[in-house]
Every structure is written in C-alpha cells, then in structure tokens.
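Peer 1: Each chain, written out:
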Amino acid sequence: MAESPAGESRAYYHNHDSDYERRAVVFSADDLRRAQVRIAHEIVERNHGATDVVLVGLHDRGPEIAHRLAGAIASFEGVQVPVGTLDVAFYRDDIGIRSVHPLGPTEVPVDVTGKIVVLIDDVLFTGRTIRAGLDALTELGRPQAIQLAVLIDRGHRELPIRADFVGKNLPTKISEDVRVRLRETDGSEDTIELWGPK
Amino acid sequence: MKHLLSISDLERSGIEAILDGAEHMASVLGREIPKVPALRGKTVANLFYEDSTRTRLSFETAAKRLSADTMTFTVASSSVKKGESLLDTVKTIEAMGIDALVVRHSAAGAPHRIAGWVDASVVNAGDGRHEHPTQALLDAFTLRRHRGPSLDGARIAIVGDVRNSRVARSGIECWTRLGAQVLVVGPPTLMPENLDGWPVTVQSNLDDVLGEIDVAYILRVQQERLGPAILPSLREYYMRYGLTADRAEQMKPDALVMHPGPMIRGPEIATEVADGPRSLIREQVANGIAVRMAVLWELIGSGGTL
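Line by line, the protein sequences are chains A and B. Mapping to the working numbering: the first sequence position 93 is 93, numbers consecutive. Mapping to the working numbering: the second sequence position 30 is 1030, numbers consecutive.
Note that these hints are calculated values from the structure, not bench results. In this text, a Cβ means the ideal position worked out from N, Cα and C, and glycines have one as well. Be a bit skeptical, because a hint or two may be false.
Here's a subset of chain A near chain B, in silico, CB distances under 7 Å, partners left out [what the hints assert, rightly or not]:
{"hint": "1", "residue": "R98"}
{"hint": "2", "residue": "S99"}
{"hint": "3", "residue": "V100"}
{"hint": "4", "residue": "E139"}
Far from chain B by the CB rule (all over 10 Å, computed), these chain A residues [said to hold, decoys possible]:
{"hint": "5", "residue": "D31"}
{"hint": "6", "residue": "G71"}
{"hint": "7", "residue": "T106"}
{"hint": "8", "residue": "I146"}
{"hint": "9", "residue": "Q147"}
{"hint": "10", "residue": "R157"}
{"hint": "11", "residue": "R162"}
{"hint": "12", "residue": "T191"}
Put together the whole structure using the sequences plus the hints.
Peer 2: This is how it looks when you write it as structure tokens:
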C-alpha cells in the first residue's frame, strides 16, 4: 500500500487525475526482479540465514512482494520462510480525517514471538502506515526484532522511521505519485513509475 | 452512511459492504488480543427503553472491541422514571459528548425521531414492531458464511409471529435484497393484515414447506404482545408450528435452523433441534458482535463510502 499523508492538505495518489502525466519509469519488470533478488539476499545476509525470519506484507501490495522475496530466499538459501499479511486500517492515526477501509485479512501463520519479522511494503512515504503496522504486529506477539523492506523510499517522512532494505531511494516532490503495478494485483507487467502534474 | 435506522436505507451493495466489513471484524475477534484501537476516543451510548440482554451486551462488546468508550442507559434505572421526556433524555446524553447512540424503544420510529435531534450517529437496535436492522444483518452474515458468497436462491421460511416481529420485517427486506426467497409461515392471526408490496409468499402449514426450504427461521412467541383471541394455546401452537425433532428430520439434509433469541424451548423449538447440528443459534449470537462492530465502524470510523 502506498503511504498516505495524515492531512487532506497534502496531495495523495491522483490515480484518476487526468492532469497527471508520467515523468519517469523508475523500475521496469527486469529492474524490479533484480531489486527483489538483492533485497532477498540482504535480508538473509543481515540475519545470518533465514531460519528465524518471517516476512509480513502490508496490504495491499506488500503480501505479493513478501511472497516473491520468500520464493527468492527458498531458491538460493533452501529455506522456506513463513509469509504473513497485515492489515493496518484499524491502527491508523488518520481515522476520522480521511476515509479508511480494511484492505485484506491479517494472517500470520506462525507465532512471531522471538522471530525476526521483516515488514514489507511497496512504497515508504510518511511512515504512518509503518507506524500503524508496528502497533498491529506487536499485538500478535513480541518479535526478537522488526525490520522493514520497501521497493521505493520516496522521502517526506513524518515519523522517525527508516527502512532496513530499500529497492531504490527516489527523491520526489510531495505533489508527485509513485505508481506501482504488480502482475498479481494489477494484472499487468510489473512497473514502478513516477507521475506528476502536467 | 450517517445512521442505520432501517434496512431500506441500504442497497444490496451497502449490505454487502457491511457484511464484508464484518468478516474483518470476525478475524479481529479470533485473535489472542481481540481488540483494535479503531474507535479510540469515540463514545458510544446505548439507550435502551426496552428489555434486552443480547442486543445490549452485543453492542457494548462491539464498541469495546473497537476501543470506544461506552455508556449504557437502561430505562429501569434512569430519570425517565421521574418523568423526563425522550427529547430531554436524548439531549442530556448528547451533552455528555457522544459519537453514536444505539437506541431500542417500544415505539416504532423512535430512532428516526432521535436521529433528527442529535448530531451523533443513531443505530436502531429495535423499535417496536417496526425494524431491527442489525439482527437482519447478523443473520445474513451467519447464513452467508454457511452458504458461500451470497444468499442467492436461498429459500428462507420465517415461522411464527410475523405480525409482531421487527426481526421478520428487517429480515425480509435484508435477505430478499441479497437474493433470497422468503416465505412466512404461521397462523393467520399472526400474519400481518396486509402483505401488499412485501416480497414474500405466505403459507399457513409448516409441514407443507419443510422439505423445500434451506433455512427455518423460528421467531419467538411474544407472549407479552398476544392475547387469548390470537393464540388460544401454546400447546396447539407447538403442534402446528413448533420445530420438533420430527419436523427437523423432514428438512433437507443441509437445511439450517436459526432463531433471533431469546428462544423459548418448547413451544417454538425443541431442545434437541436448538442444540442440534442444523442450528446456527449460537453462531448468530457470536456473529452479532462482528456485525455490530462493522456497523459502528462504518458509521463513526471509516469515513464511509456507503
């Protein structure tokens, strides 16, 4: 799920806005595949293996990315890491400020207590989704550590949160959108694009 | 959506959105910590002018599972006994700062009146013989969980005192919107005088329909609303309309039995049926919390699309 800001004063994901145009292709399908493989390796390297690692994707695109990373880890490390999904809607701090809806089930197949949980999202923006994710996750147990992996870090943080694993750091303007499309969720070839006002 | 006063305020898509929301809530209730901070800082007041255990406790629990604060007002222990009017009582509660008001009242339309007086969201938790929308929604949710994604084509027989039943009225509206066919079964004296415009068929003989229905929805015999001219004897009622073990045997193998509660074992439903494998009665109660959480979330949390 792309991060959204807390206030309405800030523009957010202008999906249907015809005044927007594509400014750059940030990742092609091949670029994205390579970034995912690198992140998977970094996760295993950082944690000296993958035995205690649990990947937890934040809706709505995090779960798909988590499954891809798990597939990559299985292929080079021979370990099948558990994959879970997390919905943070009920933990957000902007309930009542904007429309908030659950995006999918929260399902973590193992007890996270004592595990190294890697939260996974597509775009890191204000940090507020991750803040909500931390609250949601700690109600499921007490992990040994929580790490964060994202495909794009677009800056503009509003909270003291940073990612441990980043596909690409992408400087953006507030008015711009980072648009992520994945095979599994969007039915098209994988791409990540930067859009902005015409 | 600002208020939930009547099922007729909702289209099929709105009903389905609430039921989908209830699935999320059910998953919250299944966790080790069955509570989320979604309505932190909100206050839900329950205003009950009529007796109720399950509905009041269900709403109270639903609000608490979403981290809302709750106040409960029951008429037996209130200033209403001293002569305070409904308007004054409502205004007093509102002055304490509330976001939602859950209302049960013996007068049909009371929640609608209250909705016109307050800024808070109003939920109808049963008004006289009129409506009980959250009951209809929780029944739909329970059935949907057993029948797959929809109620399309389900044949539901509502058995008993349809005339006095707000549960029947809301149920008929709700379930037909979701694609079910509803028939009402009971003695003519317990049928509404006029069924024009109701999307139901009427049957007076339960035994004739047992083999073709998917759900037997048994209503409570509301003895407080009935006199001897309407229902001469409970024994006779049981003979003709009670869901006995023999009758349950004649139902289709996968047919289900529901009851909104409180149930009276005996005249309406035999104990072995109420506690038997067809019965969804306990599930209905459990699902009531999830559905009421979804309703409260929709009204005062989500910022809504309904």
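Peer 1: Can you give the numbers of the hints that this structure goes against, from lowest to highest?
Peer 2: Number 7 - this is the single hint that the structure violates.
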